[in-house]
Amino acid sequence: GPCLLGIFLNVLLYGVVLVQAQMYYVRYPGNVLFLLLTSPWVSLLILADSLNTAFNIAWIYMALINNFGNFDILTRANWCEYAVKIYSRGVIATMAQLFYARRIWILIKNCWLIGLIVSTSCVSGLAAIGCTVVVIMRPLFSNLHSSLFMGFGLPWLVSCTICDISIATALSVYLSKQKTGFKRTNSAVTRIIRSTVSNGLLTASFTIGHMVLWLSTPLGIHYIFNYGVVKLYTNSVISSLNSRHDLAARMSAELSEAVINVNVDDVRRSYCRPLHDPDEGLLRHSFTLPAYLRSLPNVCMYVKENRTATKC
Numbered sequence: 001g002p003c004l005l006g007i008f009l010n011v012l013l014y015g016v017v018l019v020q021a022q023m024y025y026v027r028y029p030g031n032v033l034f035l036l037l038t039s040p041w042v043s044l045l046i047l048a049d050s051l052n053t054a055f056n057i058a059w060i061y062m063a064l065i066n067n068f069g070n071f072d073i074l075t076r077a078n079w080c081e082y083a084v085k086i087y088s089r090g091v092i093a094t095m096a097q098l099f100y101a102r103r104i105w106i107l108i109k110n111c112w113l114i115g116l117i118v119s120t121s122c123v124s125g126l127a128a129i130g131c132t133v134v135v136i137m138r139p140l141f142s143n144l145h146s147s148l149f150m151g152f153g154l155p156w157l158v159s160c161t162i163c164d165i166s167i168a169t170a171l172s173v174y175l176s177k178q179k180t181g182f183k184r185t186n187s188a189v190t191r192i193i194r195s196t197v198s199n200g201l202l203t204a205s206f207t208i209g210h211m212v213l214w215l216s217t218p219l220g221i222h223y224i225f226n227y228g229v230v231k232l233y234t235n236s237v238i239s240s241l242n243s244r245h246d247l248a249a250r251m252s253a254e255l256s257e258a259v260i261n262v263n264v265d266d267v268r269r270s271y272c273r274p275l276h277d278p279d280e281g282l283l284r285h286s287f288t289l290p291a292y293l294r295s296l297p298n299v300c301m302y303v304k305e306n307r308t309a310t311k312c
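Taking UniProt numbering, the leading residue of the sequence shown gets 1, the next gets one more, and so forth.
Calculated directly from the structure, the hints in this document are not laboratory data.
A portion of the hints provided could be inaccurate.
Here are the in silico distance ranges between beta carbons for each label pair [what the hints assert, rightly or not]: (1) Tyr61 - Trp105: 36 to 46 Å; (2) Asn66 - Tyr174: 50 to 60 Å; (3) Phe71 - Asn110: 49 to 59 Å; (4) Trp105 - Phe68: 44 to 54 Å; (5) Ser119 - Phe68: 26 to 36 Å; (6) Ser50 - Leu201: 22 to 32 Å; (7) Arg138 - Gly15: 33 to 43 Å; (8) Ser146 - Leu126: 29 to 39 Å; (9) Leu201 - Gln22: 24 to 34 Å; (10) Val19 - Ala58: 15 to 25 Å; (11) Leu64 - Met150: 27 to 37 Å; (12) Gly1 - Ala58: 15 to 25 Å.
Only a predicted model underlies this, so the values are computations on that prediction, with no experimental measurement involved.
We treat Cβ as the ideally placed atom computed from N, Cα and C, and that holds for glycine.
Could you put the whole structure together from the sequences, leaning on the hints where they help?
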């Protein structure tokens, strides 16, 4: 029962992965450099995710259709089901976590933080491979609570949880420090923080749920979380790439009609120098815009002086 429900969840989330992948490849068709840097990683994630779903479907078909009435098949793990599932989940989670580690290094460049994320991610991936070897050596499901399997399983799940929480915390703290005095910019940063926290905490929550149920009950309820969490990693990576386009379009639309009223007397001379307009006979001012505003089109700037608003 839990395995079947978990595979249903796995296939459902795989559909979301395909939609996100289609949006990703259609959205950036002309950005050659961007696709060269990210597409191989994304393509490998999608390939590993597809293999994971294919092997899950093959096992459940083999167990419930080809071996209908054979209860012995439900007590034994074969390479198609458990070994490949554990291995692919460990690989996908590690790839997603290393993707975020690279992004955090570009933003923060904190060696200790990157060391924590990379080390826990690698420990998680290696422990998952260790679990795969144990399952191949001892294929009975009753051995999943043995000391040998738990010696690899606990480090796998604990390190994976620590890595996910570290990634979500690091990105949230960094982004919260980037807020400015502009309401729309703060709103955009808040949306990014909300997305980052939800992705990180969702994967961590599934991993914790898997670990708690695995340790607390032998009924196999943890399979519901085990089958579903692998798709959350792929979705989080691709959705974070797709959200760039949505966020940029939303900020551009919001700022295209934005009017910033500035009191000239309160502006520092280093940021505002007077310019005389010979055609209109008005005193205009030139501003050095922040980088995030210079990158957005159609930003209307107005200077208010002597009750007259003139465009800069």
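Subject >> CB-CB spacing for Phe68 and Ser119 relative to the 26 to 36 Å hint >> reply: violated, 46 Å
Original post:
Has the hinted range 27 to 37 Å been met by the Cβ atoms of Leu64 and Met150?
Top reply: Since Leu64 and Met150 have Cβ atoms about 29 Å apart, the given range 27 to 37 Å holds.
Subject >> C-beta pair Phe71, Asn110: status relative to the range 49 to 59 Å that was hinted >> reply: Hint holds: Cβ distance 53 Å, inside 49 to 59 Å.
Original post:
Does the Cβ-Cβ separation between Val19 and Ala58 fall within 15 to 25 Å?
Top reply: holds, 23 Å
Subject >> Distance restraint hint 22 to 32 Å, applied to the beta-carbon atoms of Ser50 and Leu201 >> reply: holds, 26 Å
Original post:
Asn66 and Tyr174, beta-carbon distance inside 50 to 60 Å?
Top reply: Taking Cβ atoms as reference, Asn66 and Tyr174 lie about 51 Å apart, which means the hint holds.
**OP:** State, for the Cβ atoms of Gly1 and Ala58, whether the hinted interval 15 to 25 Å holds or is violated.
**Re:** With Cβ atoms ~19 Å apart, the hint holds.
Original post:
Trp105 and Phe68, beta-carbon distance inside 44 to 54 Å?
Top reply: About 52 Å separates the Cβ atoms of Trp105 and Phe68, which means 44 to 54 Å holds.
Subject >> Assessment of proposed distance window 24 to 34 Å (beta carbons of Leu201, Gln22) >> reply: holds, 26 Å
**OP:** Indicate whether the distance between the beta carbons of Tyr61 and Trp105 respects the range 36 to 46 Å.
**Re:** Holds: the Cβ-Cβ distance is about 43 Å, inside 36 to 46 Å.
**OP:** Note whether the CB distance of Arg138 and Gly15 lies within 33 to 43 Å or breaks it.
**Re:** Given range 33 to 43 Å: holds, Cβ gap about 34 Å.
**OP:** May I ask you to test the hint 29 to 39 Å on the CB atoms belonging to Ser146 and Leu126?
**Re:** Since the Cβ atoms of Ser146 and Leu126 sit about 19 Å apart, the hinted range of 29 to 39 Å is violated.
The structure does not agree with the numbered hints 5, 8 stated previously, though it agrees with the rest.
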